[in-house]
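*Asks:* Spelled out from the first residue to the last, the chains are:
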Amino acid sequence: MNRRWKILFANKTAMFGAGLVLFFAFVAIFADLIATHDPREGQPDLLAPPSAEYWLGTDENGYDVFSRLVYGSRSSLLTALSAVGLALLVGLPLGLLAGWRGGWLDGLIMRVVDIMLAFPAVLLAVAIAAALGEPSLTTVVIAVAVVLVPPFIRQVRAAVLQVKSLDYVAAARALGVPPVRIVLQTVLPNCFAPILVLVTLGIGIAILDAAGLSFLGLGPPETSPEWGVMLQKALRYVQGKEQWIVLPPGLAISLTVLGFNLFGDGLRDAFDPRQSSSR
Amino acid sequence: MRSFCLLALLFAVACGGSESDRSVFIWGKSGDAVKLDPANVTDGESVMVLTNIFDTLVTFEEGSIEIIPWLAESWEHNEARTVWTFKLRQGVTFHDGTPVNADAVVFSFMRQKDPAHPARRPDDAFAYYNDNFDALDKIEAVDEHTVRFTLSRTFAPFLSTLAMFCTAIVAPSGFEDGNDFATNPIGSGPFRFLEWKKDEFIKLEAFEDHFAGRPGVDLLIFKPIKQPEVRLKELESGGIQGMDNPSLVDVKRLEGSTDVQLLSAPGINVCYLALNTQKAPFDNKLVRQAAAWCIDKKRLIEAAYAGYGEPAVSMCPKTMKGHLAMKDREPDPEKARQLLAEGGYPQGVEIELWYPVIQRAYLPDSGATAIQLQQALEKGGFKVKLRKVEWTAYLEGTGNGAHQACIIGWMADIGDPDNYLYVLLDKENAVPPGANNRSFYTSEAYHQLVSKARSVPVWEEREKIYHEAQRLLFEDMPCVPLVTVPDFRVLAKGVTGYTIYPAGGEYFRAVQVNK
Amino acid sequence: MTFAVRRILLTIPLLLVVSLVVFALSDALPGDAADLRFEKQPQAKEEWREKRGLNDPFVARWGRYIGGVATTLDFDDSYLDDRPVGPDLLEKLQATFELTLFALTIATFFGLLAGILSALYPRTPLDYAVNVGALFGISVPVFWLGMMLIVIAVNLLGFRYSSNRVDPVLDTSHFVTNLYLLESLVRGDWNVFGSAFRNILLPCLALATIPLAVITRMTRSAMLEERGKDYVRTAQAKGATTRRVVLRHALRNAFIPILTITGVQFGALMGGAVLTESVFNWPGLGRFIVDRGVGERDTPVLVGGILLVATVFILTNLAVDLLYGVIDPRVRRGRA
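Chains R, Y and D are the protein sequences, given in the same order. Residue 105 in this note's numbering sits at position 105 of the first sequence, and the numbers go up by one each step. Residue 1487 in this note's numbering sits at position 487 of the second sequence, and the numbers go up by one each step. Residue 2025 in this note's numbering sits at position 25 of the third sequence, and the numbers go up by one each step.
Derived by calculation from the structure, the hints in this document are not laboratory data. In this text, all values refer to a predicted model and were calculated from it rather than measured experimentally. Yeah, the Cβ is synthetic: ideal placement off N, Cα and C, and Gly gets one too. It cannot be assumed that every hint is accurate.
[To be verified] Ranges between beta-carbon positions, derived for each pair:
| no. | chain 1 | residue 1 | chain 2 | residue 2 | range |
| --- | --- | --- | --- | --- | --- |
| 1 | D | LEU2020 | Y | SER1455 | 56 to 62 Å |
| 2 | Y | ALA1116 | D | VAL2005 | 54 to 60 Å |
| 3 | D | GLY2067 | Y | SER1173 | 51 to 57 Å |
| 4 | R | GLY240 | Y | VAL1024 | 26 to 32 Å |
| 5 | R | LEU251 | D | GLY2158 | 25 to 31 Å |
Excised from the complex, chain R in its bound form (with noise of 0.2 Å):
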């Protein structure tokens, strides 16, 4: 385990993604502080260039582009963790049982989950997004949680498989030991690794899926300060002179998501080798 920190410590590009992360991290979380202005509020000054009242000028709406930025980071990474949270809450559980139990439970889990991937995966938040009714936060969440399920289930099973087949676990089971008890202390903590790499890709893929909805107009409303949200209504600015409209939230997913991307590849290098690059 120790070793394999430590490779992915020495891992620069990684370690480069992980920084990306913690700036991102750090400013959602200290957003309050950061930002100068109300990101819902209406600035005098419409489509104001940068100055020192507003750092990143107004948009057409008179919001402070730099507070939105701001605030944006908080909602959008809030967004893409809730999403990524509630696909783990389906497909850990399922991911396990279908691994742990095998047999009959296992075939059936694994066919549901060969059904869903067939289904093409921004076609389905699209519909889910639409079926839900009314653009919103929540229904990003929801369907871009729905089309991450799949893939954690198929994870989180190829891992307990891994690690069923170690001799302390097999050691265990002969043992007698109950199975929700080898499951908890055993299976979940070596199984830590590659949930982590999906959580850390799934972020990624959850960021840039909620923005692709926004732009399909099925995003949520476009007072709520978000960087999909944002970038879309900026799409007009993009060849303007209002460039510090449509550079920041672009540049904000974008840094973002690679960040998120480089770091996960990085764990999947150091924990996982075999494993790396399938998706």
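Chains Y and D: place on chain R using the hints.
*Replies:* Relative to chain R, chains Y and D alone:
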């Protein structure tokens, strides 16, 4: 290395243009047509194609809403304006060579009027006909070139409605031999239908024998390009020669450009905030007035329309005849709070504002409009919760009166104030489902006015009645008119002969492309 | 039963269950296009529903639908205008197919190249750059990337950008398929080919970013793994240069995992191109499903579209598995 050479070769192929001797005009539009049957469409994307394939009895003068003779050379009517006789132009033919005669005119109307007509298809809805021609009693061919319409009562806008696309004269031969008219239309207009590849293009060809002369280009192509920014990029790089609905942000950037031509015309439309008068708190006139006092239309136009637009004061737009010029309420949040208190809400009131996920010419950025209304109303003591709804669900919900307040707009199909003041606000149109009167305004006094105006034949008298109706609306405020947006078009350099028609539709017969 | 036969037979129930799920989901959606179409005529709507058999029990409707699809590719009629949606769906499927195929070709080419380079010089600045670059490609929201590609291509490079599939001035009415690029190549119609190629270039670049990252990383790790194996060391010991060994031997063996990942990506892209299609105005299946099926609630488009995409996904995976089995006999036992 070899693959690199291949790529280079492909690139060379890709950059070479294609030569063609025929003059071509490609029009970029926001969406594809739905159907090409003029009687059976309700959307602007279909209409702008149809106005080039078909002719109507009368039409709009170039760039105006004045009516001029077209397929009909002349007409007369009785004093009550209930019997109209039209003389058709002689020697006009449809694209397939069959004659445009009185029978064809009768056919075009009867297939919409008569539920048992042999040319009916199961998906025929004839929405516009049903909305506008309930007064049409009888239509008959007097002789080969004379048609007579008999109305059950005076319907003042009758002549204007005959310029509308739904009354276009269709070729009866197009409904024979199992031809699907909606995908293979036959008309008599300046362009003949060639090919329709869904979501890619609609191709029309010049009709040499059109009675008004051969059109200016050989090939007219409509190309749907949804994103306005992408549409403009394609125009700038020469892929298309003209387009509608540019993003207003781009319009601002294009102003003064010499690379393209930017055209504009005052729009005949109104975007408004409909307040549901059947639901608290907007069942109270004072609360509605309070809302009107809040709204800062100038800021709204800056934010959501890039500065392009005229603050609307009346529901009958300034560009429409019958409009009454009134002094608007200046934004005054204090006054709003006071009225709100008088109306029984001294602590302010919470409301839910619906807005659609869609772009419309009158609503290019629905999110920004909603945000501006929220900002303005909250200054005046309202607490606004925004509710974003998908377009289909939006039309349904607001047509059923599920909302407290919603943002919606209207574009004229007919050059008559009736199309605004009756259609949008009369109590006859406040019946769910699908109510056009989204304020569910049921004032009896107002109903008396607009119904009277419908049957008064003399314009001056009608105008007085409409003025009174508008004053009543300004006091009652069932809805707050927000903005009238100009129409913008962008043309490539070298395109001439194009005019914006304010009543909708595009007429490309005079367009020429000079290389 | 051999592996291949069993694998193929397993696909059929999977497809059936997928169709059942799509069908059930669409049933659960609130409202459809007919609500608006017959807004003011509840009676006409009831008659229409009766005529279309929409009041029949679920199983009967599903059975009829599956029967129609399986026998005559009849994907039911649109709720908007009662015209069959099958031809439209298949046409758009071809458009998406061409886009995906081309994007994947670009991605595979550059992905292999970048992956091999990375593997040849691991832990060098080149390796890091490739790694970060590939991941950055999948980290940028594709709709923003698409817009920027257009702006850069037109404003800076003077590229004559044209959206959609082919210049509509060109006559394509005699084309039998909707695969402009491939058919014009077969026909030798260079005007159409050139135009189709120019139009597909930018959307392909945008779409290719996603598989590019995956293929690059897969190639890199597969190659690195092969590099450590005995036969490579032996060859090196015999005096072959590293580069030669890698290209000759390691690449061949790394081929299997790369092929797998490419196949999987193909299936995923067919359904995942919605955003790219929307930005570049590509008349593909994803956009059709979103605009018509979801936006206008034309249920048959939604059902048929998702079913088609899912089928392509399942069949691609099947093909990959079979191919895999042919190349590497060990799998035949390992998987079920």
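*Asks:* Which hint numbers does the structure go against, in order from smallest to largest?
*Replies:* Violated: hint 3 alone.
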